Amino acid sequence: MIQLQHITKRFGQLTVLDDISFEIENGGTFAVLGPNGSGKTTILKIILGMVLPQRGEVLVQDNKVRQTWDYRKQISYLPQIARFPDNLTVRELIKMIKDLRNMPSREDELVEMLGLQKFMDKKLGNLSGGTRQKVNIVLTFMFDVPILILDEPTAGLDPVSLIRLKDLIEKEKAAGKIILITTHILSLVESLADEIIFLLEGHIHFRGSLGALSQKTGEKDLEHSIAALLE
Amino acid sequence: MILKVLKYSFSDLIRSRWSYVYLAFYLVLGFVLLFLNDNLSKAVITLMNIVVVLTPMIGTIFGIMYFYNSREFTELLLAQPIRRRTIFLGQYLGVALSLSLSLVLGLGIPFTIYGITQSSQIWDFATLLISGTFLTFIFTGLSIYIGLLNTNKIKGFGYAILMWLFFAVIYDGIFLISLVIFDDYPLDKFTLFASFLNPIDLSRIMILLKLDISALLGYTGALFQKFFGTSQGLIVAFAMLLVWTIGPTILMIRKSSRKDF
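Protein chains in written order, with our numbering: chain A, 1 to 231; chain B, 232 to 492.
Everything labelled a hint here was simulated from the structure, so no lab data went into it. None of these values were measured; they are calculated from a predicted model. Some clues are possibly wrong.
[Stated by the list, open to error] Under the rule of at most 30 Å between Cα atoms (straight-line distance), these lysine-lysine pairs were calculated in the DSSO-like manner:
no.	chain 1	residue 1	chain 2	residue 2
1	B	LYS486	A	LYS64
2	A	LYS95	A	LYS171
3	A	LYS64	A	LYS118
4	B	LYS235	A	LYS98
5	B	LYS384	A	LYS123
6	B	LYS235	A	LYS73
7	A	LYS64	B	LYS490
8	A	LYS64	A	LYS122
9	B	LYS386	B	LYS273
10	B	LYS235	B	LYS420
11	A	LYS95	B	LYS386
12	A	LYS123	A	LYS64
13	B	LYS235	A	LYS95
14	A	LYS220	A	LYS95
15	A	LYS123	B	LYS235
16	A	LYS220	A	LYS177
17	B	LYS238	A	LYS98
18	A	LYS123	B	LYS273
19	B	LYS457	B	LYS238
20	B	LYS386	A	LYS73
21	B	LYS238	A	LYS73
22	A	LYS122	B	LYS490
23	A	LYS73	B	LYS490
24	B	LYS235	A	LYS118
25	A	LYS95	B	LYS457
26	B	LYS273	B	LYS457
27	A	LYS177	A	LYS216
28	A	LYS122	B	LYS235
29	A	LYS98	B	LYS486
30	B	LYS238	B	LYS486
31	A	LYS98	B	LYS273
32	B	LYS457	A	LYS118
33	A	LYS122	B	LYS238
34	A	LYS220	A	LYS98
35	A	LYS177	A	LYS73
36	B	LYS384	B	LYS273
37	B	LYS386	A	LYS64
38	A	LYS95	A	LYS122
39	A	LYS118	A	LYS98
Whenever a hint applies, use it, and build me the whole structure from the sequences.
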């Protein structure tokens, strides 16, 4: 369960999130959408405790996020830009994260699925953006945790990997997990999202299912619905 | 958990070429000064003059460089179930320990081969290594703190170098000028207090008190000796250096717990 209560976040003069509250009780896929700079990543980072809001409280599985850290045992996070220490190899990085989290993991299966075997002993600094994103995916999905936070998981992926990623997300969803996702690939939202949380100018402009969105805007497809929301 | 973070930072640095350059520098310095110089005291004094300037500089540069270069690693760790304090403390100790190790090994090996372990001057030498280690920790901590305060890399780097320059050079200048200006007043307490505020001065005083060379003590050192006596002076200097080590560490942890990443 994730609860955000009256979250306000300002960066200097700029108010990114203005008194935002929402609650996610049950498992499912929740797409956080909004134009650039609408605070999508900020919301995700606030849930992770990486960004600290000026006001408001976040609860994850009934733990207050402020000043605690062990609730993160229940979260896997896929950051937007796959940046890793350059001089580590893929194998070392996976080993390190396993060592830090100290949980059962299934990295071999994922490595094979994404075709990463031949990159295992390469330094992360020498990998292409797409390959790094695959490593990112392995690190996120290798632990069995109830909450997944995915910030632009599709960045740089080829179509085959994109399909694999979709399958992965669907499996996790079927297992009853909470999946929070931001993406600009609307087809992904259409095929995966149970609910849409649409951010605009620091507020939640819309929250509901895809059906409710098209009903509200009177548009058939997601692209036009979102364009209608923005107008 | 802190040991795990420390282990990764440490092994990351141990792999870097610069750690070896730093180690090699001390090795060469140690061998040259000991074997081309017949007076051990003189060698220790020369080493002291180099160590009290160089260890803060290297601590500052490595600290700030590591902080900015390991941003990715830090962000990765922040999303894991680890306390923030643990992450930054682990990285700080990783940098400071690997630098201290270069210092201790780099000077320790030539000294051991020279046979100082049997000589009575082992403690002079140990004092040198202890103050060098203190300075490494202090300046690494301060520079990581500066890094936390400045998201802009260039600014952070600039401030860190300025900080080193201030303690290594500018501070003494200001101090001397104020002594000249306030010549008519009793300055003992002021001087003593002023020496507490500069870890580089404190280290120098500590080593010279240990070496017991009054001629080199200078004004601050002489006051230290007059006020506390040699052995108590040593303890006071040591305690102040400890305060200087803990202070920046606390600042660093506090800042890190309030920062957005």
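Quick one, are B:LYS384 and A:LYS123 close enough, alpha carbons at most 30 Å?
Distance of about 25 Å is within 30 Å: holds.
Distance restraint between A:LYS220 and A:LYS98, which requires alpha-carbon spacing of 30 Å or less
At roughly 45 Å apart (the allowed maximum being 30 Å), A:LYS98 and A:LYS220 break the hint.
Is the Cα-Cα distance between B:LYS238 and B:LYS486 30 Å or less?
Judged against 30 Å, a Cα distance of about 23 Å means the pair holds.
Could you grab the alpha-carbon distance between A:LYS177 and A:LYS73 and see if it respects the 30 Å cut-off?
holds, 14 Å
Given hint A:LYS95 paired with B:LYS235 - CA-CA distance at most 30 Å:
holds, 12 Å
Holds or violated: are the alpha carbons of A:LYS118 and A:LYS98 at most 30 Å from each other?
holds, 20 Å
Quickly compare the C-alpha distance for A:LYS123 and A:LYS64 to 30 Å and report which way the hint goes.
violated, 38 Å
Distance restraint between A:LYS64 and A:LYS122, which requires alpha-carbon spacing of 30 Å or less:
violated, 40 Å
Does A:LYS122 lie within 30 Å of A:LYS95 when you go C-alpha to C-alpha?
This hinted pair holds, its Cα atoms lying about 14 Å apart.
What's the verdict on A:LYS123 and B:LYS235, does the C-alpha distance respect the 30 Å limit or exceed it?
Holds, at about 21 Å.
Hint consistency between A:LYS64 and A:LYS118 [alpha-carbon to alpha-carbon, up to 30 Å]
Violated. A:LYS64 to A:LYS118 sits at ~42 Å, over the 30 Å cutoff.
Satisfaction of hint between A:LYS95 and A:LYS220, Cα-Cα up to 30 Å
At roughly 47 Å apart (the allowed maximum being 30 Å), A:LYS95 and A:LYS220 break the hint.
Checked against the numbered hints listed earlier, the structure breaks hints 3, 8, 9, 10, 11, 12, 14, 18, 19, 20, 22, 25, 31, 32, 34, 36 and 37; every other hint is satisfied.
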